[in-house]
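Numbering of the sequence shown is given in UniProt numbering, commencing with residue 1 and proceeding in unit increments.
Hints listed in this document are in silico derivations from the structure and should not be mistaken for laboratory results. Hints may contain errors.
Claimed, not checked - Computed beta-carbon distance windows for the label pairs: (1) E147 x A48: 14 to 24 Å; (2) A12 x A79: 30 to 40 Å; (3) P172 x V192: 20 to 30 Å; (4) A17 x L113: 10 to 20 Å.
Even glycine gets a Cβ: it sits at the ideal position worked out from N, Cα and C.
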Amino acid sequence: MLALNAASQCDAGPVRAWNCTACSANVSLHGINVTDNDGHSAYVGYDAELDQIVAVFRGSLSVQDWVTNLDVLKTQAYAELGCDECYVHKGFLDAYWSLQPGVEASIFALLELYPNRTIALTGHSLGAAMAAHAAVSLRLVRNLPLEPYVYTFGQPRTGDAAFARWHGAYFPGWLRVTHWNDPVPHLPPQEVGFAHFAREIWYDHASEDVIVCNGGGEDEDCSLSVAVAMGWTSHCNYLGHPVCQCLAW
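From just these sequences and the hints, can you work out the full model?
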């Protein structure tokens, strides 16, 4: 999954052909479609080796992406799905909706070719937050029969505590990987009403020791244990690999 995130930073043409600088030789994707809109990007393809359809959401790339990230305006969401008190980060939700038509059309087109396959969602940084909304839309609005398999990296807090509880109940298999002093999992701050859902997987500085964190989403023995998280290098390097640029693995 991490290799797929690195490839999301590359130009659309080479990604479609799966010959980009970061396109892993260990992953064979077919039927790739890239959706770009409003400065955001995602690609969808069929992983022949794992026999699953993957959707990969690009992380923060530009100054405009970081404006989206840092705008902490909340908006109510998903009341029609039973989450009456859910509030989410408006910028992250809008980012997903800008890609939703193309991404979901690509997924369902591949499901026509490869019926009954599982869907895997992944993203880094802003892309991880978009994956959270993609999961809701696919599972609860489009009625996918199976819970998507999701593995995110450096995910920011996506909504408030009510959203975190609601989202966690529907997606108990979610894995949210964090790296040492990466600051993004600390944003937006808890003090302005944001909360993480589980389950966090926290790697140390060298990406050698790993803690499987508790089911509460805000485990004080994991990334919260870092008092001053200012490690932008940690944000752009997961498991020893670059994920913020289109670089070879």
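Task: Outcome of range test on Cβ distance (A12, A79; 30 to 40 Å) - done: 35 Å, holds
Open item on the list: Looking only at beta-carbon atoms, does the pair P172, V192 fall within the given range of 20 to 30 Å?
Closed with: 27 Å, holds
Task: Outcome for the supplied range 10 to 20 Å, where the beta carbon pair is A17 and L113 - done: 19 Å, holds
- [ ] Evaluate the given range 14 to 24 Å for the C-beta pair formed by E147 and A48.
- [x] Hint holds: Cβ distance 22 Å, inside 14 to 24 Å.
In summary, this structure violates none of the numbered hints.
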